[in-house]
Amino acid sequence: MSVTQQVISIALIVIATILTRALPFILFPENRKPPAFISYLATVLPGAVIGMLVVYCLRDAVFSSWHCLPELIAILFIFLLHKWKGNTLLSIAGGTIVYMFLVQYVF
Amino acid sequence: MNIKSDRKIWKAFKEAFPHTLPICAGFLFLGMSYGFLMKSRGFGTLYPLFMSIFIFAGSMEFVAVNLLLSAFNPLYVFLLTLMVNARHLFYGIAMLDRYRGLGWKKPYLIFGLCDETFAVNCTTTVPQDTDRGWFMFAVTLLNQCYWVTGTLAGSLLGNILTFNTEGLDFVMTALFTVMLINQWEENRNHRPVIAALAVSFLSLLIAGPDIFLIPSMILIVIYFAVASNKEIAV
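The listed protein sequences derive, respectively, from chains A and B. The numbering of the first sequence is the working numbering, which starts it at 271 and goes up by one. The numbering of the second sequence is the working numbering, which starts it at 84 and goes up by one.
So that you can see chain B by itself, here it is in the shape it has in the complex:
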């Protein structure tokens, strides 16, 4: 590592850090709840630690707590994970271009593509003087560090927050809401957003909170298939 590339990396982390602050708050808190839950169900610290490092998908890690305490059913575990995490497929498609040509960083960027990392890397315009690859790498790594740190703290120390934390998890909803507003203002075509909101909400009402993402995703793809045909015809 020479001084020039050191400076490039440092700059990218400095630039990325403010974008990850809300996620820092959310992940430390949620990670702590997860670590604490695992501990209270009798799992040693190594379990939540390794799961946070290698699974790194919050909602699935919470689902896994109960899975690990029920009868061994590998096929069910595998299929359930595919279902819970199917939304990642959309993130990958949206990031195909942005993650292009990033060499050794790319496998880690794909591995760490969680909801929040996707939202930041997909909506942020990286400043001209900052290396794009290192910026997105920094966002991904910082977010994972918050999650693993929170998990570890929750597992080792239990619930150390002394103030009333009820509602703190809303920080994630707030993050996505602000990004939605930013997306709305940046794009002239609002139809994709309106269609996705309507379709997801309708699926939620019909299919219920556990599986509604799958029908929403299918309907969104159908909607865009029809829309793209029309655009090509026009």
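Just chain A, with the same shape it has in the complex:
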């Protein structure tokens, strides 16, 4: 690929990315009421999408040799720590440290 072709490719990635982010706002502008189903989706999607993102983060680990075992242990730890202390930053840091320990020393 020449430099010009690389610049064109990057520009296309930029445009396509912006398109995926802006399309809902273009289709349903502020001055018009969105269809009932879209308003309904807006209320149920946050939880659903974050669930989908957790699976998205685990997508490669599922097919690795340990099939997500270290990830699941760390997630269980996060769950217990979060139930116990209820501190978001502590749960994230604790879970990450446990995971790093697991993949570096155990698995």
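Please keep in mind that the hints were generated in silico from the structure rather than gathered at the bench.
EDC-like mimics (lysine to aspartate or glutamate), calculated; alpha carbons at most 20 Å apart, straight line:
hint, chain 1, residue 1, chain 2, residue 2
1, B, 97, B, 212
2, B, 97, B, 214
3, B, 94, B, 212
4, B, 87, B, 212
5, B, 94, B, 214
6, A, 353, B, 268
7, B, 87, B, 98
8, A, 355, B, 268
9, B, 189, A, 300
10, A, 355, B, 269
11, B, 189, B, 214
12, B, 188, B, 214
13, A, 353, B, 269
14, B, 188, B, 89
15, A, 303, B, 180
16, B, 188, A, 300
17, B, 91, B, 214
18, B, 87, B, 214
19, B, 91, B, 212
20, B, 188, B, 98
What follows is a list of derived Cβ distance ranges for each label pair:
hint, chain 1, residue 1, chain 2, residue 2, range
21, B, 277, A, 332, 17 to 25 Å
22, B, 87, A, 339, 52 to 60 Å
23, A, 302, B, 245, 53 to 61 Å
24, B, 274, A, 273, 49 to 57 Å
Where is the CB? At the ideal position from N, CA and C, for every residue including glycine.
We have chain A already, so just place chain B on it with the hints.
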């Protein structure tokens, strides 16, 4: 800028900063890996810098490394980007209301709507005394600054972390997991979350890690179409 609005902006950034701390760790680390990867493939610093500023979609930037080294195929690049980033459509729908009426900040908020920014802006209750628009603007801008800084450091300095970083990228999974727990506790209706988890996992097993998000999204919309019909009927 008068003193009052200066204070409002400062307050929003101060309020937003702790929410972005895990993302700071994750983005500096992942950004550095990305910058380093680009450098090792022979790209000058301007490439990862401009890509991080203008694309600002981590997973797509990693995909782009190989794209830029293969034969020129603009249509493929465009369609692949739409596919990899299709999940953003859900973020936009979920944020239609929250980003309403924010004037000049709105275009940037939409431009910077990455996974992590979405997760924070969508789940955080902004304190009463803090300006909502500036808070979400601060989250978006801080996150992008972390990503661009990480990229730049990785490209200029290479791998400067001297400790064993294996597993550090789990900070993103941990972030989404905690947000999932918070969402679960805040909402009485758990069906959307259970349905999304089940459908995504099933799609992953059937379609594989590269394209499973597309079938998951379609199935989630179908599920909600059926569910909303039932709720309206009841």
